[in-house]
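Participant: Using the hints provided, position chains B and C relative to the given structure of chain A.
Protein chains in written order, with this note's numbering: chain A, 1 to 392; chain B, 1001 to 1274; chain C, 2001 to 2373.
Incorrect hints may appear among the rest.
[Unchecked claim] Only pairs whose alpha carbons sit at most 27 Å apart, straight line, appear in this in silico DSS-like list of lysine-lysine:
1. Lys2142/C with Lys2116/C
2. Lys298/A with Lys309/A
3. Lys15/A with Lys27/A
4. Lys2350/C with Lys321/A
5. Lys2176/C with Lys321/A
6. Lys27/A with Lys179/A
7. Lys169/A with Lys2176/C
8. Lys298/A with Lys2176/C
9. Lys2082/C with Lys169/A
10. Lys1005/B with Lys111/A
11. Lys2082/C with Lys298/A
12. Lys321/A with Lys298/A
13. Lys15/A with Lys213/A
14. Lys1005/B with Lys2082/C
[What the hints assert, rightly or not] One-sided excerpt, in silico: chain B residues whose CB lies under 8 Å from chain A:
15. His1050
16. Glu1166
17. Gly1175
18. Ser1177
By construction, these hints were calculated from the structure, which means they are not laboratory data. Positions of the beta carbon are idealized from the N, C-alpha and C atoms, including for glycine.
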Amino acid sequence: MARIQLENVKKSFGKVQALDGVTLEVKDKEFYVLFGPAGAGKTTILNCIAGIVMPEEGMVKFDDEVMNLVDPAHRNVAMVFENYALYPQMTVYDNMASALRSKLYKTDEDKIKEKVLWAAKIMKMENLLERLPSQLSNGQKQRVAMGRALVRTPNVFLMDEPLAHLDAKLRNSMRTELKEMQANLGSTCIYVTHDFMEAMALGDRIAIINEGKIVQIGTSDEIYYMPCNEFTAQLMGDPQINIINAEILGDKDGYSVSFPVKRETVTLPLPKDDRVYDVIRVDGLKQVDFGIRPQNVKYSFEPKEGYFKTTVYSYESIGNKSVISAECGDFLHYQLRMIAPNGLNVEIDSDIYLRFEMDHVILFDPETKEYIVRYDEAGIQALSDQTAAANA
Amino acid sequence: MKTGKQRALYVLQNFLLIIYAVFALFPLIWMVLISFKSDTEVFTTTFIFHPTLANYQEVLLRSDYARYILDSVIVSGGAVLVSIIVGVPAAYALARYSFPRKEELAFQILSYKFAPEILVVLPLFMIYQKMGLYDSYVGLIWVYQLISLPLLIWVVRGYFEDISVEIEYAAQVDGYSWYQIFFKMLVPLIKPGLVSSALLAFIFAWNSFTFPLILSSNKVYPVTVAIMKYLGTDSAHYGQLAVASTVSALPAMIFALCIQKHLVRGLSFGAVKG
Amino acid sequence: MAGLTLKHLYKRYDNSGKKKKIKNDFAVQDLNLVCEQGEFVALLGPSGCGKTTTLRMIAGLEEITDGEIYIGERLVNNLHPKDRNIGLAFEDYAMYPPLNVYGNVAFNLRAKGVDKEEIDRKVRGIAPLMQIDDLLDKMPVKLSGGQKQRVNIARAIIREPELLLMDEPLSHLDGKARQAMRTEIKRLINKIKCTTVYVTHDQLEAMSLADKIAIINFGVLQQFGTPTEVYDNPANEFVASFIGEPPMNILETTIINKDGTFFFTFKDSNLQIAVPKRYYSVVSDGFRCKVGVRPMDVLVGGEDSQGSPEEIATFENLGDERRIGIHVGDILLMLITEDERRYKRGDIIKLEVRGEKTHLFDIETGERIREQN
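Pulled out of the complex, with its shape left as it was, chain A reads as follows:
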């Protein structure tokens, strides 16, 4: 196992700058997630570490040793590819054994058999060993690809969206299994995904990548609760965070935010919080984008004290719970999302009354879209430390 470092790595394909100065450090035995939208450059980072892609600038180091000029075979990494890349002419057993049969990692057949059977057992595919890849379902192929990596004892496991092609149910159960496996293996692992749930659930730390650059690095709690900009905030969480542009009114004795809903203007007081008030006062904020997660939006179908009125745009189940969208725009369409239980009888376009739990609000700069401040920063830090302690 090893510590992996990238220093200012740059790579372009033709005119496309795939990586634009990526610097990151993966600690020994860390489960490190690279997370971002499609085409962000996640896979290219992985390929640079594996040695499949040669960076134009910057360094790739394993345990402080520069690896730039070492070919993939000699880097001793195990990789799971997004499209599995199983050898079609070989059985599952031979696929898994192939690394151990190469000249470099030559192992005797008895040992190979032991290793393969062990990996097959973990991946629950002992009954598939004689099959060819063409006879497997996607879920099974994915297991084989994982198994092929598991039989090795590499410097680092590299996993490129290993669950992306599975259906939702299988993906969730595989994710849980992976989490369990990770605890047992205790190895450095770099995991690429575009699914925020995978990132949150698996990563000791998460690096958010966008357009070839690292946007934010942090634990799942840090990224979820203190996203460094609106882009990150929108990536984490399903349904997406609500972000509303508002004017700040009042003075240091009591600030409030004011924003249009339909044809009315809604003014909501910002609860007293020394940190938030200080930031607003010192920076002299007049306009903010404030973000509020759907679970912090409360609703009622009857008028209620402290609730403002709008109409239902849609009501949909997302599994074990549902999402209500409320239409809030007049000329500009914008909707607020909130969590509701399944099985409500909600008429589309009927009236709904909303209240924000303002003590969960995150403030962003409306120009740069950068994070300014949020409520209870100290509490979030404590949560993050709690998780880190639990993982240690």
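Facilitator: Below, chains B and C alone, put in the same frame as chain A:
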């Protein structure tokens, strides 16, 4: 149950197919028949004749026919072998690497096959004479590359393109060197395409006529040219001609029948994508 | 008035020519379904369950082996598809590439020989509804997946069909676009009030869109009801495990009697859960069955909880919620909590179950065992 109308259609379809098959096979059958006829009976159009093996004896035992066949095997086989050795790496490069003017190069290779042989054969003849390649095995094998190489490169390239590049990456990460990957992982995967295109190239080379006619004379005498020997200036031994043709067509036919399924699949699988 | 009625519908594939006899050669078996006028019905099931076959039979693209199909009051068994007055929107939006969006939407009407002004009026009428007004001059190749799908649906509904059939129209779209399109479809169908049959294998899609869901497995209807009904009151184990994400925890259990109180016990586990009183009439000491409970209905008890102490096997923080997995024998029991507390592997929690949300299933047939009143 099939309705009466459907059945009538079915019968009609088969009838038409049979007619076509007879039409297509007739020249071959006629050739085989002639090979068993004596010269006097060659021009009778009825199927009644006295079968004789005289023609076969004459061609196979009393002439150099075996040598001509051997020449054909050497030249065609050699050409295919060279094509494989040169073409597979070329196909790999065209499939995997990106370099300026790649598509133009690939198309140019293919275009060698478009040019009528007669167009290039004259300059080639003069060059060959000067270089001492005229009437040599090497010379013919070399010029046959015009026939076999483009075919092989295009089919095999399609196969390489069908193999996802991640498989190579995976093998690299697994600790294999490039040569090991090429022979252990890739060659088995392109085998169907390689075998079918190689056999087809062999058949084309075997059937080639213009090149050996002009670029060789006595030392190298492929069978296609040799058949001409039985066409004298004053007399034509049609019987012997038919024997020579029948025997020389045999390898091609046997190959084609053996690999028929393979051939269609192999060629259409990779090549259509190219 | 019923919008669509299926009576004892059967579909049997002719396997006589095939070497391998398929054991169950009914693609659809004794399907009975009544969709009310204006209702949005989802046919839901795993791939190969017969839902698409059913749709194709309704459309008239597939022969019916036995049974009757009524659209409105008309028996349509022997009608040609074009005479059934239906709109079709398929998975692959097969648009005519040489025609622009306008031409594609108008195609059906032109084919029928409707006069030009009428066509124009209709196309212009439907375009804003589907939000394709500014796309009308574009060619199909220039459209995004979501736009194509909107055009596709516009094309299906322009003829004002009595019945709209959709076959996995969203399966080509990716996550975000799919979610957005789902909302759009729902609002649209709400506006045009057309009876709709929608085929999908995605339970989320069915749950969020449909007024009623028909769940089909191996060609047999498992349950037909509103999303709430199938979610809260599943007819059998298949429905229970198919609906909901993450799926319902379903565990084999043996019930024991401890001093007059019944408990669920599990193989290779110390976990014991009190059997809700309402089941007392159907269970007995040593009774074996399966018990199902949704992850949302398993709770982490407080300090003074009477729940059974269990060790955490997996803990996933998903931001919006946290999922905890606990080994019960060799099955991982999942529970979902929105509690902010962070656990780790090996922590002990008290496990509580919302008794009113448990379901019992027959161990052999998977049929629901219902309490008797």
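Participant: Against this structure, judge whether each hint is valid.
Facilitator: Okay, the hints, checked on the actual structure:
no. : hint                     : in the structure
1   : Lys2142/C with Lys2116/C : 26 Å, holds
2   : Lys298/A with Lys309/A   : 12 Å, holds
3   : Lys15/A with Lys27/A     : 33 Å, violated
4   : Lys2350/C with Lys321/A  : 24 Å, holds
5   : Lys2176/C with Lys321/A  : 18 Å, holds
6   : Lys27/A with Lys179/A    : 18 Å, holds
7   : Lys169/A with Lys2176/C  : 18 Å, holds
8   : Lys298/A with Lys2176/C  : 24 Å, holds
9   : Lys2082/C with Lys169/A  : 39 Å, violated
10  : Lys1005/B with Lys111/A  : 67 Å, violated
11  : Lys2082/C with Lys298/A  : 49 Å, violated
12  : Lys321/A with Lys298/A   : 14 Å, holds
13  : Lys15/A with Lys213/A    : 16 Å, holds
14  : Lys1005/B with Lys2082/C : 25 Å, holds
15  : His1050                  : 56 Å, violated
16  : Glu1166                  : 4 Å, holds
17  : Gly1175                  : 4 Å, holds
18  : Ser1177                  : 6 Å, holds
Comparing the model with each numbered hint stated earlier shows that hints 3, 9, 10, 11 and 15 do not hold.
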